[in-house]
Amino acid sequence: MWARPKQLKLRGIIGMNRRNIRYIGRYNSRRLYPLVDDKLKTKLLAEKHGITTPALIGTVSTQFGVKALGSMIAGHPGFVIKPAKGSGGKGILVIEHVDGESFIKPSGARLSIEDLHRHVSNILSGLYSLGGTPDVAMIEGLINFDEKLSEYTYEGVPDIRVIIFRGYPVMAMMRLSTAASDGKANLHQGAVGVGLDIATGTAVRGVQFDRTRRDHPDTGHELASLRIPDWSNLLELAAGCYEMTGLGYLGTDMVIDRNRGPMLLELNARPGLAIQMANGEGLRARLDLVEKQPEGVSVKERVAFSQRHFARHGELKALPEPVLAEASLST
Numbered sequence: 001m002w003a004r005p006k007q008l009k010l011r012g013i014i015g016m017n018r019r020n021i022r023y024i025g026r027y028n029s030r031r032l033y034p035l036v037d038d039k040l041k042t043k044l045l046a047e048k049h050g051i052t053t054p055a056l057i058g059t060v061s062t063q064f065g066v067k068a069l070g071s072m073i074a075g076h077p078g079f080v081i082k083p084a085k086g087s088g089g090k091g092i093l094v095i096e097h098v099d100g101e102s103f104i105k106p107s108g109a110r111l112s113i114e115d116l117h118r119h120v121s122n123i124l125s126g127l128y129s130l131g132g133t134p135d136v137a138m139i140e141g142l143i144n145f146d147e148k149l150s151e152y153t154y155e156g157v158p159d160i161r162v163i164i165f166r167g168y169p170v171m172a173m174m175r176l177s178t179a180a181s182d183g184k185a186n187l188h189q190g191a192v193g194v195g196l197d198i199a200t201g202t203a204v205r206g207v208q209f210d211r212t213r214r215d216h217p218d219t220g221h222e223l224a225s226l227r228i229p230d231w232s233n234l235l236e237l238a239a240g241c242y243e244m245t246g247l248g249y250l251g252t253d254m255v256i257d258r259n260r261g262p263m264l265l266e267l268n269a270r271p272g273l274a275i276q277m278a279n280g281e282g283l284r285a286r287l288d289l290v291e292k293q294p295e296g297v298s299v300k301e302r303v304a305f306s307q308r309h310f311a312r313h314g315e316l317k318a319l320p321e322p323v324l325a326e327a328s329l330s331t
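First residue of the sequence shown? That's 1 in the UniProt record's numbering, and the numbers climb one at a time after it.
It is possible that some hints are incorrect.
Listed next, with one range per pair, are the computed distances between beta-carbon atoms [as the list claims (entries may be wrong)]: (1) SER232 <-> PRO134: 17 to 27 Å; (2) GLY126 <-> PRO294: 36 to 46 Å; (3) ALA68 <-> PRO134: 12 to 22 Å; (4) ALA180 <-> SER112: 22 to 32 Å; (5) ARG308 <-> GLY25: 22 to 32 Å; (6) GLY131 <-> HIS188: 30 to 40 Å; (7) GLU291 <-> GLY75: 49 to 59 Å; (8) ASN233 <-> LEU127: 31 to 41 Å; (9) SER61 <-> HIS97: 40 to 50 Å; (10) ALA179 <-> SER298: 19 to 29 Å.
I should point out that these hints are in silico values taken from the structure, not numbers from a laboratory. Since we're looking at a predicted model, the values are computed, not measured. Note that the Cβ used here is the ideal one computed from N, Cα and C, for glycine as well.
Starting from the given sequences, assemble the full structure and let the hints guide the process.
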């Protein structure tokens, strides 16, 4: 079932044009983009503001430095190699554990140190960066995601996207990796998006490939029981990124580590619109309400406001199929 532009407007769905002009263009100063487009800058800024992020093992910034990778990762049971300027999950290599001289991916594929050298070299050359510019390879500690969430994902760490507008959490979803997405939490590659109730962090709706979904395609586990632990703390960390960056319209990608709790993974100054599909609701009414709020409100007060005004009940058990196609969001 395809929706007409008028129907999308009535449901409060915002498209790319409105997002770019009305919110990103008005509330995001372009001079601040480097703070979020470069993951290394984001990490250093987060540490300065007391926002928890995955541990940084080290960086490689020159082709000469690639040879030092082996000594850098020695003793680490698992790690992640990612481009500082990458986007959409491109160039992220997850090593779940080390077996002798082999480095094992979540899929079970075995890589050699030469394979890792080649991957880092590709990162440095700009293969995965925005605009193909020279990049820096970051090596981070592996996230030990909460085992309560293991049945909801496949060969990958699930992350939580929270849209922050003027410091208020306005909409959230969890992205669950699948076999189709190659273990990456990327909706365009086939990950499952699960809309989350801002008040409680519980699942309200699931989608995959633009169609509603009530269970995980690989684990078979139903989605209705999904609940994010330490939810209020996660929202406060995400909301605090407003003061940290100065960006008024922001996508925060969070993860739950079983030892360290909620952590900031990365930020996006141009967050996508598929989060509306996952929630079965448009952003416009929520953004309009936040625009009416005064400045100078504390993080805790902003989160409490959002939890009070944007609470909703789950729909997973009574959804028609299919839902609105994501392509319609460009209207």
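Evaluation of the provided hints:
At roughly 41 Å, the beta carbons of SER232 and PRO134 sit outside the given window of 17 to 27 Å. For the hinted restraint 36 to 46 Å between GLY126 and PRO294, the CB-CB distance of approximately 44 Å keeps it satisfied. Between ALA68 and PRO134 the beta carbons are some 18 Å apart, a value that agrees with the proposed interval 12 to 22 Å. As the Cβ distance of ALA180 to SER112 is approximately 27 Å, the hint placing it in 22 to 32 Å holds.
Range check, ARG308 to GLY25: about 29 Å between beta-carbon atoms, so the 22 to 32 Å window is met. Between GLY131 and HIS188 the CB atoms are about 19 Å apart, so this pair departs from the stated range of 30 to 40 Å. Between GLU291 and GLY75 the C-beta distance comes to about 50 Å, which sits within the given range of 49 to 59 Å. Range check, ASN233 to LEU127: about 36 Å between beta-carbon atoms, so the 31 to 41 Å window is met.
For the pair SER61 and HIS97, the supplied restraint of 40 to 50 Å is violated, since their beta-carbon distance comes to about 27 Å. Remark: the range hint 19 to 29 Å for ALA179 to SER298 is contradicted by a beta-carbon distance near 43 Å.
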